[in-house]
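Peer 1: Next come the chains, spelled out residue by residue.
There are 2 protein chains.
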Amino acid sequence: MSTTPSLDATFAALADPTRRAILARLATAEASVTELAKPFAMTQPAISKHLKVLERAGLVTRGRDAQRRPCRIQARPLAEASTWLEDYRRIWERNFQRLDLLLDEMKAQEKKTKTRH
Amino acid sequence: MSTTPSLDATFAALADPTRRAILARLATAEASVTELAKPFAMTQPAISKHLKVLERAGLVTRGRDAQRRPCRIQARPLAEASTWLEDYRRIWERNFQRLDLLLDEMKAQEKKTKTRH
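Protein sequence lines correspond, in order, to chains A and B. Start counting the first sequence at 4; every next residue gets the next number (our numbering). Start counting the second sequence at 4; every next residue gets the next number (our numbering).
What the hints contain is simulated information worked out from the structure, not anything from laboratory work. All of these numbers come straight from a predicted model, not from anything done at the bench. Hints should not be assumed to be uniformly reliable.
The list treats identical chains as one, so a pair stands whether inside a single copy or across any two.
Claimed, not checked - In silico SDA-like cross-links for lysine to any residue, where the CA-CA straight-line distance does not exceed 25 Å:
1. 41 with 91
2. 41 with 65
3. 115 with 31
4. 115 with 21
Generate coordinates for the entire structure from the input sequences, incorporating the hints supplied.
Peer 2: So this is what it looks like as structure tokens:
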């Protein structure tokens, strides 16, 4: 049984659209809390709360500049989450292949019906 | 801003080690709740609670057999989560490359120090 606490924290942190949007923003460049709060209809304390969750999960670090304390994305936990999901790739690819086969069968059936009429 | 509710539910469902272990078990074959509960030090109601979270996230479906109602993994939400994470691959790969460079520099430095003594 996988009891990796970091995976727990990473997935929990990603289960919120605002936190995912913060990461998407930080993927382009580092930003202060004020800069991060701008595009959201949210107060700075609300954004700070989300940032704390991201920090605890190791997905964001804060710079040392006392005034700005810029936020930076740390992608390592995302790499670990991606590795975990990779184990299931063969399952979803098998399912997509089945769906493709089904669609092909349906198309062939449709063609047959059309040529009959 | 990504407000995909299915991503919220998927990541929240994956934020628990028992639920990840249930998915790992179901990735090998379908199983009844009784079969799923066996390897865990957990009661069937506790397992059923976790299964409900997985079902709501669309990660598990139950068969129609009234007695057994076998659980099956549905990997499509995992594929969606993987696609979301893929956008960040360039970031973690860049970081790993930086780490490699740093290690190379450290090795070169070590070699230099050794040849000097």
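Peer 1: For every hint, state whether the structure bears it out.
Peer 2: How the hints compare with the structure:
1. 41 with 91: Answer is between; shortest inter-copy Cα gap is 23 Å, intra-copy 38 Å.
2. 41 with 65: within (18 Å within a copy, 44 Å between copies)
3. 115 with 31: neither (52 Å within a copy, 38 Å between copies)
4. 115 with 21: So residue 115 and residue 21 fail the 25 Å test inside a copy (50 Å) and across (49 Å) alike.
Violated hints for the displayed structure, listed by number in ascending order: 3, 4.
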